[in-house]
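Participant: Sequence:
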Amino acid sequence: MGINARTLLGAFDEACPNLAVLGAAAAGPWGPMVETWQVFEGEVMRDGAVMMVLKGDFELFNAASTGTIPTGHVMRVTSADGNVIRELDHRPALEVWREAIGVPETVTVEETASWALGIERGREGSGDWTVLAPFQYDAEDGTIVLQADVPEGSRLMFHQRNPEVIMDRTKAMAEDLKRRIGDRRVGAMLTFECGARTSPFLGLDASREENAMVEGYLAPDGTPWLGLMAWGEIAPAGCNNEFFNYTYPIALMCQSSS
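Going by the numbering used here, the sequence shown opens with residue 124, and the numbers climb by one from there.
It should be emphasised that the hints constitute simulated quantities derived from the structure, not laboratory data.
This one's a predicted model, so the numbers in the text were calculated from it and none came from an experiment.
Hints may contain errors.
[Stated by the list, open to error] Each pair of labels, with its calculated beta carbon distance range:
hint, residue 1, residue 2, range
1, Leu351, Ala295, 16 to 26 angstroms
2, Asp261, Gly225, 34 to 44 angstroms
3, Pro323, Ile192, 11 to 21 angstroms
We put the CB at the ideal spot given by N, CA and C, even for glycine.
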């Protein structure tokens, strides 16, 4: 779990400004996060990235929603090495994390899946938080490993996940996309939902309700819909493409209005 997703996204932003990148990190069955696989032209890889470029006579509309609630307590990342957080407010990061959410030293990342880390993006005090999930704990070093880098000096706030908030924000996202596309015809829909949002957290019935709600707003009458489950999601945020966890990006390819 040492891959830094923002290295890839930074290269895209530099080489292809204003290119919207949407996608996901490969997922696996719910349980211990050991490894994942990627397939391209018949080759199976363990540490690869598979990408494609979509172009044509269509307009792209995209949005993303998360389902976490900020706790309000802000800390500073005082020591970090890429995607490894070493210290929060000059204390071992894992120690601070365990104290804040009230878990024992033996806790695993699967057992803390109701919690997340919010990293402030943009100017300080913006209130815009990129939600990330711990992917590994190093008890010996007292560190937390993420999938994306966290610069030293960043402001961080713990977030808690909430099923009702997940559903409410999915509905708000779908309503907003429906308003934005107006009377355009949706030719296809791509979704990249966090695999830890659905059955493991919402439960099967609520997951089906969420899918039906999105379909009703955005993909009626048999509109093609390709949905993928993710262990990390990618979507535009502000002027850049961003990496998230516990998030649900949606991309709509609509008939051009011109």
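Participant: Is 34 to 44 angstroms right for how far apart the beta carbons of Asp261 and Gly225 are?
Facilitator: violated, 20 angstroms
Participant: Given a hint of 16 to 26 angstroms, does the C-beta separation of Leu351 and Ala295 actually sit inside it?
Facilitator: With a Cβ separation near 22 angstroms, Leu351 and Ala295 satisfy 16 to 26 angstroms, so the hint holds.
Participant: Please test the hint of 11 to 21 angstroms on the beta carbon pair from Pro323 and Ile192.
Facilitator: Taking Cβ atoms as reference, Pro323 and Ile192 lie about 18 angstroms apart, which means the hint holds.
Checked against the numbered hints above, the structure breaks only hint 2 and satisfies the rest.
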